[in-house]
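Letter by letter, the chains look like this.
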Amino acid sequence: MDSFEHSADFLTTVDRDGALAETRSHAERTLSRRRLFGMTLAGAGAITIARTAGAHAAAGLPASDVDILNYALVLEYLQASFYTEAERSGALTGKTAEAARIVGATERAHVKAFLKLLGSQAVKRPTFDFQGTTEQQRPFLKKAVAFEDLAVAAYKGQAPKLQANPVLAAAVGIHSVEARHAAWMRQLFGITPAVDAFDRPASRRSINRVVASTQFIVSRPKLTGRKKPEFTG
Amino acid sequence: MLQLGAAFASPSKAQDVKILQLVLQLEYTQVAFYEQALRQAGLTGDLRHFARTALEHERQHLAAIRKALGAKAGAKPRFDFGQKTRSAPAFTQAAIQLEDIAVAGYNGQATNLTKGTLAAAAEIVSVEARHAAWVRAIAGQVAAPDPVDEPMTAKQAAQGLHEIGLRT
Chain A
176 MDSFEHSADF LTTVDRDGAL AETRSHAERT LSRRRLFGMT LAGAGAITIA RTAGAHAAAG
236 LPASDVDILN YALVLEYLQA SFYTEAERSG ALTGKTAEAA RIVGATERAH VKAFLKLLGS
296 QAVKRPTFDF QGTTEQQRPF LKKAVAFEDL AVAAYKGQAP KLQANPVLAA AVGIHSVEAR
356 HAAWMRQLFG ITPAVDAFDR PASRRSINRV VASTQFIVSR PKLTGRKKPE FTG
Chain B
5 MLQLGAAFAS PSKAQDVKIL QLVLQLEYTQ VAFYEQALRQ AGLTGDLRHF ARTALEHERQ
65 HLAAIRKALG AKAGAKPRFD FGQKTRSAPA FTQAAIQLED IAVAGYNGQA TNLTKGTLAA
125 AAEIVSVEAR HAAWVRAIAG QVAAPDPVDE PMTAKQAAQG LHEIGLRT
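Chains A and B are the protein sequences, given in the same order.
Using the numbering used here, the letters of the first sequence map in sequence onto residues 176 to 408.
Using the numbering used here, the letters of the second sequence map in sequence onto residues 5 to 172.
Rather than coming from a laboratory, the hints here were simulated on the basis of the structure.
Don't take each hint at face value.
Simulated crosslink set (DSBU-like; lysine-lysine; CA at most 30 Å straight-line) [unchecked claim]:
id, chain 1, residue 1, chain 2, residue 2
1, B, K119, B, K71
2, A, K336, B, K17
3, B, K71, A, K291
4, B, K17, B, K76
5, B, K80, B, K159
6, A, K318, A, K291
7, B, K22, A, K336
8, B, K17, A, K287
9, A, K291, B, K22
10, A, K317, A, K287
11, B, K17, B, K71
12, A, K287, A, K270
13, A, K336, B, K119
14, A, K336, B, K80
15, B, K80, B, K17
16, A, K287, A, K336
17, A, K299, A, K318
18, B, K76, B, K119
19, B, K17, B, K159
20, B, K159, A, K336
21, A, K287, A, K318
22, A, K299, A, K336
23, B, K80, B, K22
Bear in mind that the values here come from a model prediction, so they are computed numbers and not experimental data.
Just chain A, same shape as in the assembly (with noise of 0.2 Å):
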């Protein structure tokens, strides 16, 4: 299957977004946005695989490939609830209440994108406790730019180790939007939106060890479509 040549009309999306992202209106940027997402995924394979696998969504997925999609999904679970919550709050106002508005639509359509490749082997939603944090300005932008290039790091350690196709492309697709948003969040806190010439990527272990310091996961997530594993002896 050949993925790289399904985006023949993309030069003139770029020029588009430039030319008129300040004359549309939210609305039509969602639409326009979940047209492209709904695009990507299809063309990159993934949600043909979704469609053919049926209720079995992830079956024809090596299961390294299912385990990485699932840390990721954790990830993306983390990050739209935080968005989500923040929105709803109430607390944020002019172009950090814009940011948080599209960058959480994003974070939502990557659940949504994850839930539907993985089908029954997906895990559930965790509970968050974000502390306060979504609750005030400048706390919420100081977590959005942590969890940013948290998402940045992790993306970029699994990417490598991904056995299938469809889902390396898609993946390497919304690691470089993540890491749009880090620079987003960052220049809306007031920091260097690009610190370093390369960004290192981080071992799970590590993401694992930061995500659990913040204490903003009450409840792990269970395996939906599985028994629980058995332990004997």
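With the hints as your guide, set chain B onto chain A.
Only chain B this time, still in chain A's reference frame:
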């Protein structure tokens, strides 16, 4: 125009070289673009800070890719950026386009690279994405307009670089 076939085989060291030669053109273009803009576009404030930082990053990317290619690195190409490096508004628009091409160009090659080279490229592409968002934010635009970055084929990326001003 780059002579990169549209059809890619399974990842191999030989194919990595072909792809690195493409991204070498990309990094050469970025370095030349920011150098010329800093001399000619009258950049001030945030925009100047962005251009200087991005230039420093692109120089390091260029050096890393040249080192990886060794004797297989091509000569520095020629450029004609026209008016794109001669005013702040033209620079801003072209910088957004160029950084987006960089992101899409790297992303488009992810499944064609060996895993080791992919890991190295991944350390660069997210920095290009940060540049793209940064310059958009300075321009008052939505910094991350899409949920997923669309990839570009090698041919599309080469065409994009030619539109910006790469002449080989």
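Hint check:
no.: 1; hint: B/K119 with B/K71; in the structure: holds (18 Å)
no.: 2; hint: A/K336 with B/K17; in the structure: holds (18 Å)
no.: 3; hint: B/K71 with A/K291; in the structure: violated (42 Å)
no.: 4; hint: B/K17 with B/K76; in the structure: holds (13 Å)
no.: 5; hint: B/K80 with B/K159; in the structure: holds (19 Å)
no.: 6; hint: A/K318 with A/K291; in the structure: holds (28 Å)
no.: 7; hint: B/K22 with A/K336; in the structure: holds (22 Å)
no.: 8; hint: B/K17 with A/K287; in the structure: violated (36 Å)
no.: 9; hint: A/K291 with B/K22; in the structure: violated (35 Å)
no.: 10; hint: A/K317 with A/K287; in the structure: holds (26 Å)
no.: 11; hint: B/K17 with B/K71; in the structure: holds (15 Å)
no.: 12; hint: A/K287 with A/K270; in the structure: holds (26 Å)
no.: 13; hint: A/K336 with B/K119; in the structure: holds (8 Å)
no.: 14; hint: A/K336 with B/K80; in the structure: violated (34 Å)
no.: 15; hint: B/K80 with B/K17; in the structure: holds (23 Å)
no.: 16; hint: A/K287 with A/K336; in the structure: holds (22 Å)
no.: 17; hint: A/K299 with A/K318; in the structure: holds (23 Å)
no.: 18; hint: B/K76 with B/K119; in the structure: holds (20 Å)
no.: 19; hint: B/K17 with B/K159; in the structure: holds (20 Å)
no.: 20; hint: B/K159 with A/K336; in the structure: holds (27 Å)
no.: 21; hint: A/K287 with A/K318; in the structure: holds (23 Å)
no.: 22; hint: A/K299 with A/K336; in the structure: holds (23 Å)
no.: 23; hint: B/K80 with B/K22; in the structure: holds (16 Å)
Going through the hint list in order, the structure does not satisfy hints 3, 8, 9 and 14.
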